[in-house]
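*Asks:* Please put together the full structure from these sequences, using the hints given.
The primary structure of each chain is shown beneath.
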Amino acid sequence: MPELAIARSGLPTRLFRSLRLPLNDRFAVFGLLIYLVFVVTALFADQIAPYDPTEILYTEDYDLAADMRPGQEGFILGTTSLGRDVFSQLVYGTRSALLIGVTAAFMVALIGSLVGLVSGYFGGWTDAVLMRLADIAFGIPFLPFVIVLAAFLEPSIWNVVLAMALVLWRDTARVIRSQVLTLRSRGYVDAARVAGSSDAKIILRHIAPNILPLSFLYGSIAIGWAILTEASISFLGFGDPESISWGYMLQDAFASQALAKQAYYWFVPPGLCIILVVSAGFFITRGYENILFPKLGR
Amino acid sequence: MAGAGMRPIDPIASEPLVSIRDVQLHYRMGGIFSAMRGRSSVVKAVDGVSFEIRRGESVGLLGESGCGKTSMGRLLLKLEEATGGEIVFAGEPVTALKRAALKRYRARAQLIFQNPFDAVNPRFSIRAALSEPLENAGIPAAEREGRIVKALELVRLPQPQQFLDRYPHQLSGGQLQRVVMARALILEPDFVVADEPVSMLDVSVRAGVLNVFRDVRDRLGLTAIYISHDLALVRYVCERTIVMYLGKVMEDGPTEDIVREPLHPYTQALVAAVPVPQPDQSHDPLPIGRGAPDPRNPPSGCVFRDRCPYAFERCPVEVPRLRQVGTRKVACHLFDDTTGKQ
Amino acid sequence: MTEPLLSVRNLKVSYAVGGGSVDAVDGASFDVPRGSILGLVGESGCGKTTVARAITRVIADNARITGGEMIFEGTDIAAIPERQMNALRWRDIAFIPQSAMNSLDPVYTVESQLHEVLRRRGGMDRRAAQARAEELFEMVGIEKSRLRDYPHQFSGGMRQRVAIALALALNPKLVIADEPVTALDVIVQRQILDQLRELQAMLGISVILVTHDISVVAYVCDRTVVMYAGRIAEEGPMEAVLTRPMHPYTMGLRNAFPDLKGAASGTLTPIEGAPPNLASPPPGCRFAPRCPFALEVCTRAQPPLRELASGHRVACHRADEAPVLRELAVRTETWLVPA
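Here the protein sequences line up with chains U, Z and B, keeping their order. For the first sequence, the numbering used here assigns the number 254 to the initial residue and increments by one for each residue that follows. For the second sequence, the numbering used here assigns the number 85 to the initial residue and increments by one for each residue that follows. For the third sequence, the numbering used here assigns the number 2 to the initial residue and increments by one for each residue that follows.
Take the hints with a grain of salt, since some may be wrong.
[What the hints assert, rightly or not] Label-pair restraints from in silico Cβ distances:
id, chain 1, residue 1, chain 2, residue 2, range
1, U, 397, Z, 225, 53 to 63 Å
2, B, 274, U, 385, 52 to 62 Å
3, U, 465, B, 35, 53 to 63 Å
4, Z, 110, U, 453, 22 to 32 Å
The set of hints was computed from the structure by calculation and includes no laboratory data. Glycine residues also receive a C-beta, built at the ideal position from the N, C-alpha and C atoms.
*Replies:* Pasting the structure below:
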């Protein structure tokens, strides 16, 4: 019995189990593997990348190492028009992509879950106020909002995270609220009240564990969104010039007319990475959906 | 097994433990916008219900779906807030209880749920489920296991130890309902509300749960309310029955009297309609109209008058009050002395 | 006796569960006489609903009829191709599903749902369908002005009447009703049962009524089949089965049922234990583990269904001793398990 295992094992295992990773879904496992590769890359970026991503490089003949083709002079994926190593940029780009993705996802899942829990459990005025705020958040066009925010504040990758935290909690909150409404009407919640449990205890013990997979579902969707948004912002030129991201690489390649130079090695790899990470997120999402709504029957 | 007549406490002699005075639970249907257009309707789930329960008494709340019996039970345990009236438990108004006082009340008044599969969190082991009330009551961890085993023995679960680490889905309906009962009894309450505790169970195991309920109630001298739509079950566990219809009390009196000679026209139909497992039984048409009660739009005056075969001029214009008729109280104009008896 | 309308012989239905299969119905045989109501009674999981659905051959995706015959008016409907079966459904065999109240489509008026059946399946034109719809509503006791209403505008009892009207639309010979009154209040329940009985007599049809409630059987049925754990325990005329039960399970059920007309001080006696897991049923009689009269043979050999009185059949090794067992069975001590 899996439940028995939960009760008897230690806290780390219990936490891991409460994630309920969708390990029986092949697509989800594939997605998790992609994540694993990127996470390892991000953690060991200093060891993996042969150069500093912003360093301007020179050939052995002290020429600027600009527009090198892959393999030329030992540059795995060639260099940019400014003489920077594409492979190193790609490796460090993983770091910022995951940083943005994971923090944004965390914020979205956290804020959304909290709002959903409070709104659904307490109802009444609390619910009315929070849900009207959600309505306002639903009315905000996301990308323009990020651009305006970036214009107000200093260009930074954290703008994306902030914007997502301010806007995208709405979806999570709505879904979690409706789930809480159903859970709140379950007999065992009434039973806990009659047994004298406080609201906080009921939320923590009886309701939160049941919405955790939903939070993760929305969190994993947010990872993909955050990376895509950061890429769009950087591509549009509102990104952080100090940090190397995949979006920045695309923007750099675009501005340097890489396409005309047929420098596919420059913009295809970051594009591919974005696609991979984002679709990996959705594969995992799919796995969670199968856990949460097994009747979708995929 | 002690029958209904062998109760240890004589209910007539003891003082009321619970007093319900003109309690109302009204829901407003429709949102703010329909209210502004004057379209919102009020559903009166419980509408001016009054009765008293003496210490040690078992009272059946009988009625069809939507009659307000379950709402009444939830009001008694403060799972729902009354929109009017007062509930007094052992001299203290339940309706006004807050925090610490409410917590103390919850140790004394308990609920046995209808659906055992819903009443125990599927993620909790039986041990965890039964620990919750003990934890809240501040029982030290060392004492809990013993109390849990004792409670499970009380509801006659054989070899209680073997159930402690099991999960709800590993138990049969009958076993799980005994666990639910054990959880309600673990803090040794004075007052228990049982909301259709056997309606989800198969017939062959029902009797076992009912017998445990009767037995425990007698042994602990509990005051109990048994909510049901089934008069035969109410008769099995309660010496007194309150019949509800559309949020109001229609009749209130000794169960045997009600079964033998129902007074209110609604109770008459209800008693006649109860199916019996006997081949030779009356197939006479019921003395009741075909309509169904509509809680959003109850008839004026007596709420039963549109289905009542004896309705007369007075019924649509005046709400009948509960009047003492012999051993019982009846809310029907037929039994008003000023009109003359039926 | 005339030939029965439906003869079920040795019906087996199994469900694919996990890697293995579970025999939800394991060799059920019974007859449905013409012009009568047959009560199929048993607890949850005993296979009564599966039998009812198997007769219409509308069963769950993971279920399969693995054996037996169902002779309906001379043809084995277990063997005919799906096309032919489909032609029989509704026209000859109609089904009222459990919670019929939810089986109506909420976005169409009941009128258009009746028309759909009458025109598509019955081949009627608009006018004939309208006339028939009004006739049906009159039959089940609803004003025809309510034909234009949507299902949500009806109460539970009314929706059940609509479901009965839908089932009767094409004059079927056999109506199968799965727990038709379970979700209803006693008064409405009684009224629906009266209606069902009246229509059955008027139209001369046969009804299979699936229920867990023996008092429903007692109220409307002519014959009854008692099922336990996928097998038939007892079958016979309703009166004989309820007053002179021959199977210990039926005797136990009678004791466990509160009877409003009985004595006030009566004690209800439960049958201890729970039905067996059908994935691994006991080798002998399936009731043996809970039976106070079980002998050694009961745990070993499966008892055959034997006819002991006219039309009254029972699957019990000790059925010959039934009168003695009946006397023992009314005592509470008999059913107490030794601790």
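*Asks:* Hint by hint, say whether it matches the structure.
*Replies:* Quick rundown of the hints versus the structure:
Between residue 397 of chain U and residue 225 of chain Z the Cβ separation comes to about 56 Å, which falls inside the hinted range of 53 to 63 Å. For residue 274 of chain B and residue 385 of chain U, the Cβ-Cβ distance of about 56 Å falls inside the hinted range of 52 to 62 Å, so the restraint holds. Checked against the hint of 53 to 63 Å, the C-beta distance between residue 465 of chain U and residue 35 of chain B comes to roughly 59 Å, which is consistent with it. In this structure the supplied range 22 to 32 Å holds for residue 110 of chain Z paired with residue 453 of chain U, their Cβ-Cβ distance being about 30 Å.
Of the hints listed earlier, there is not a single one the structure fails to meet.
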